[in-house]
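**Q** As a plain string of letters, each chain reads:
There are 2 protein chains.
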Amino acid sequence: MDLEVWFLGTGGSIPSPGRGLPSIAIRRRGELLIFDIGEGTQKQIIKLGLGFPSKMRIFITHLHGDHIFGLPGLLQTLSMLHREHPLQVYGPRGTREFLDPLLATGLVKATFPVLLREVVGGEVLDFGEYEIRTALGKHSVANIAYALVEKPRPGKFYPEKARELGVPEGPLWSKLQRGESVEVGGRVVHPQQVLGPPRRGRKVVYSGDTAKCSSVVELARGADLLIHEATFSKSLTERAERDLHSTSVWAAEVAKEAGAKLLALVHISPRYADPKVLEQEAREIFSNTFIPNDGDCIAIPLPD
Amino acid sequence: MDLEVWFLGTGGSIPSPGRGLPSIAIRRRGELLIFDIGEGTQKQIIKLGLGFPSKMRIFITHLHGDHIFGLPGLLQTLSMLHREHPLQVYGPRGTREFLDPLLATGLVKATFPVLLREVVGGEVLDFGEYEIRTALGKHSVANIAYALVEKPRPGKFYPEKARELGVPEGPLWSKLQRGESVEVGGRVVHPQQVLGPPRRGRKVVYSGDTAKCSSVVELARGADLLIHEATFSKSLTERAERDLHSTSVWAAEVAKEAGAKLLALVHISPRYADPKVLEQEAREIFSNTFIPNDGDCIAIPLPD
Numbered sequence: 001m002d003l004e005v006w007f008l009g010t011g012g013s014i015p016s017p018g019r020g021l022p023s024i025a026i027r028r029r030g031e032l033l034i035f036d037i038g039e040g041t042q043k044q045i046i047k048l049g050l051g052f053p054s055k056m057r058i059f060i061t062h063l064h065g066d067h068i069f070g071l072p073g074l075l076q077t078l079s080m081l082h083r084e085h086p087l088q089v090y091g092p093r094g095t096r097e098f099l100d101p102l103l104a105t106g107l108v109k110a111t112f113p114v115l116l117r118e119v120v121g122g123e124v125l126d127f128g129e130y131e132i133r134t135a136l137g138k139h140s141v142a143n144i145a146y147a148l149v150e151k152p153r154p155g156k157f158y159p160e161k162a163r164e165l166g167v168p169e170g171p172l173w174s175k176l177q178r179g180e181s182v183e184v185g186g187r188v189v190h191p192q193q194v195l196g197p198p199r200r201g202r203k204v205v206y207s208g209d210t211a212k213c214s215s216v217v218e219l220a221r222g223a224d225l226l227i228h229e230a231t232f233s234k235s236l237t238e239r240a241e242r243d244l245h246s247t248s249v250w251a252a253e254v255a256k257e258a259g260a261k262l263l264a265l266v267h268i269s270p271r272y273a274d275p276k277v278l279e280q281e282a283r284e285i286f287s288n289t290f291i292p293n294d295g296d297c298i299a300i301p302l303p304d
Numbered sequence: 001m002d003l004e005v006w007f008l009g010t011g012g013s014i015p016s017p018g019r020g021l022p023s024i025a026i027r028r029r030g031e032l033l034i035f036d037i038g039e040g041t042q043k044q045i046i047k048l049g050l051g052f053p054s055k056m057r058i059f060i061t062h063l064h065g066d067h068i069f070g071l072p073g074l075l076q077t078l079s080m081l082h083r084e085h086p087l088q089v090y091g092p093r094g095t096r097e098f099l100d101p102l103l104a105t106g107l108v109k110a111t112f113p114v115l116l117r118e119v120v121g122g123e124v125l126d127f128g129e130y131e132i133r134t135a136l137g138k139h140s141v142a143n144i145a146y147a148l149v150e151k152p153r154p155g156k157f158y159p160e161k162a163r164e165l166g167v168p169e170g171p172l173w174s175k176l177q178r179g180e181s182v183e184v185g186g187r188v189v190h191p192q193q194v195l196g197p198p199r200r201g202r203k204v205v206y207s208g209d210t211a212k213c214s215s216v217v218e219l220a221r222g223a224d225l226l227i228h229e230a231t232f233s234k235s236l237t238e239r240a241e242r243d244l245h246s247t248s249v250w251a252a253e254v255a256k257e258a259g260a261k262l263l264a265l266v267h268i269s270p271r272y273a274d275p276k277v278l279e280q281e282a283r284e285i286f287s288n289t290f291i292p293n294d295g296d297c298i299a300i301p302l303p304d
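Protein sequences appear in the order of chains Y and S.
Taking the numbering used here, I'd label the letters of the first sequence as residues 1 to 304.
Taking the numbering used here, I'd label the letters of the second sequence as residues 1 to 304.
Any given hint could turn out to be false.
[Said to hold, decoys possible] In silico DSSO-like cross-links for lysine-lysine, where the CA-CA straight-line distance does not exceed 30 Å:
#1 S:K234 to Y:K47
#2 Y:K47 to S:K276
#3 Y:K276 to S:K47
#4 S:K234 to Y:K109
Everything labelled a hint here was simulated from the structure, so no lab data went into it.
Based on the provided sequences and hints, a complete structural model is requested.
**A** In structure tokens form, the structure reads like this:
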């Protein structure tokens, strides 16, 4: 049950020779969740061989061009590939005003329904095995931060306990492992009798564009991976305050206060051809920090 | 007086791992002319270090998404760079209906005037040292093919003739070389007395998306470089007929009939991971054919 985070575009505002516009993809059990869709996203998906599975969802953090101008091309490509499965898009209020004219021009002749849900922050979207939690960030326009939170899994299975209770190895074990009760020789065996305590799922959080804010700290509580924007070095703190972006230091403070396990800095301003200084500044506060490059992927292992 | 042709995106319809969506840039004496602007064009311009000069013009061949979805992002980037110089855009009828809503949404807050001229094919646009000629292709929607044609330069300068006529080396020679008459000791010396016959300028032609058609043959007459779409191999001729695209063979026939000097095949379908077969098919008809890769540049020398 792999969960991979693909950094499709790690730059911000304007592409640089090394960094494309914002997009993060999470691949999990055949699903592809795309967070932000800057220009060039479809090219990255194709180049990295991620494919366009029927179970694909798009989450837009905010309506600035650098985060959304890859959507028209993706919709066109999916139509050329004759997609029929509906595509679910989530975004802040106003996303409809961007999407509807696009679909109306005839330039994108979508061969599939595009289903839009606008969110304001605070909603929890339930997708069965996981949920997507949302929080309003602190930016010049409404920015939704997203958290993918897997629901707890059943606890560890103890075969010796099952044997003691007379449950034969085979399909009944699988049922117990999934958390279901089984009947053996007229007796009911409950999963609690053969399983350890439920194990937590994984949590990955993406800030979108935001200054440091408590709502993202809360959303990121205990995250296995926090992907936080760090547009500026701390030397440009005043600029970050004015533009409502984050410095590397603010991102690190959010990770530390949230008790996150790992911090990835993204939305790197094109002024930093070598963003090592941002990484160093952040590590002084939160050591487990890295700056991914476009195309990088990290797998988040299941907790024990 | 360099003239460079940069192949920014050489794929067609859908990006492939190796080829981005259509865009060709011509750099000439500090001007940048962009022909088609598929998604990813601005990233290529930045990556290749071409910059965004004040003298930049955009020519759109037709209103299919893969040829124009890079425009919103470019306009946004130019605005973030505080461009003030007007940007001239040329495209087929209907370009205004694409551009106006884009500028109206507020997503692109253009800091400069975007001046649009719609063309139908057959117009000649005069830019002083060169003109852009247009022709209507043969596609599923109106497609404008463009030819950059430099005006003739003054002929070769013969210093010995100037000396014989008593014109001293220096500023007067420069005037004669530019085609202006000069006065020496009460006598007028005309440029024709010291120059050879006018020398032709260079010609670069870009087809956009089109089946083989006589209007593009006419437009490409004697071109130094014809950039022609070759979406399909000749084995898919029926498909090309149906979709009004070209095969490699058709592109080569156009080059041959037009008496072009060099043929570049672009708009390569993503089905051809290795398009060597297209190149071979074309070379059987027109040997001076090549398939550029994304990022390739060729310089077109001045004719003698």
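**Q** Take the hints in turn and mark each one as holding or not.
**A** Structure-based check of all given hints:
For a cut-off of 30 Å, the pair hint linking S:K234 to Y:K47 stands: about 27 Å separates their Cα positions. A distance of roughly 20 Å separates the Cα atoms of Y:K47 and S:K276; the hinted pair therefore holds under the 30 Å criterion. Restraint check for Y:K276 and S:K47: satisfied, since their Cα atoms lie roughly 20 Å apart, inside the 30 Å limit. A hinted pair counts as satisfied when its Cα atoms are at most 30 Å apart, and S:K234 with Y:K109 qualifies at roughly 28 Å.
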